[in-house]
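The chain contents come next:
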Amino acid sequence: MRRLRTERGLSQGDLATAVGVSRQTINAIEVGRYDPSLGLAARLAHYFGLLIEEVFHVDVD
Amino acid sequence: MSTSTERRLPLSPANLVICTVMVVVAVATAAVGHWQQAIVVAVGAVATVVMVRRARRPGASDVERVDAFEYRDERDRAIARDGLAAVGATALALTAVEYVVVLVMRPGLAPWSLGQLLALAAVWMVANRVAARRR
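As you go down the protein sequences, you meet chains H and F in turn.
Here the first sequence stands for residues 1 to 61, where the numbers follow UniProt numbering.
Here the second sequence stands for residues 1 to 135, where the numbers follow UniProt numbering.
No lab work stands behind these hints, which were simulated from the structure alone.
The beta carbon of each residue, even a glycine, is placed where N, CA and C say it ideally should be.
Careful: at least some of the hints might be erroneous.
As the list claims (entries may be wrong) - Chain F side only, calculated, beta carbon under 10 angstroms to chain H, not exhaustive:
1. Gly59
2. Ala60
3. Ser113
4. Gly115
Stated by the list, open to error - Every beta carbon over 12 angstroms from chain H, so not counted as near; a handful from chain F, in silico:
5. Ala14
6. Arg53
7. Ile79
8. Val130
With these hints in hand, go ahead and build the complete structure from the sequences.
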């Protein structure tokens, strides 16, 4: 997600404002410390114009 | 969840209630002549207002928001849930110890302590069932 954000020239604060969360939450997601809810994951994916599975990698094993 | 209307208020409704109760307690304590305790509670109320105001700044940290019950998003609420769960577990353990101590030292007060322990256990069981139904 960090790559998608930086490719668009967005700061963590910009993305946080766009999807309605705090900057700390965006940072925690980017460093893998926090797994977003399905709703937030969908909002982030929608913001980038992608599918959830294109933004987030899920280990099924 | 805070709404835009709440954001315009100096305090969230929950914190408004907490601070109002603290001011009422401070006034009532002063009215019965316990000035020192009244001052302590009044200072607590002012400190709470300052803490909440800091937590509502755009650049406030997550810990500042959670400490002040001013949650901004789902992660703040998740942090608060973990923190309050730790408080609950500690309260249950401390109350169990308190009951044993009171039973030995002041048996006359043991029913009150037992009541507190049973109340906490009842809240825990109800909270578990509510949470299980929601998830």
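Verification of the hints:
no.: 1; hint: Gly59; verdict: holds, 8 angstroms
no.: 2; hint: Ala60; verdict: holds, 9 angstroms
no.: 3; hint: Ser113; verdict: violated, 39 angstroms
no.: 4; hint: Gly115; verdict: violated, 38 angstroms
no.: 5; hint: Ala14; verdict: holds, 19 angstroms
no.: 6; hint: Arg53; verdict: holds, 17 angstroms
no.: 7; hint: Ile79; verdict: violated, 9 angstroms
no.: 8; hint: Val130; verdict: holds, 19 angstroms
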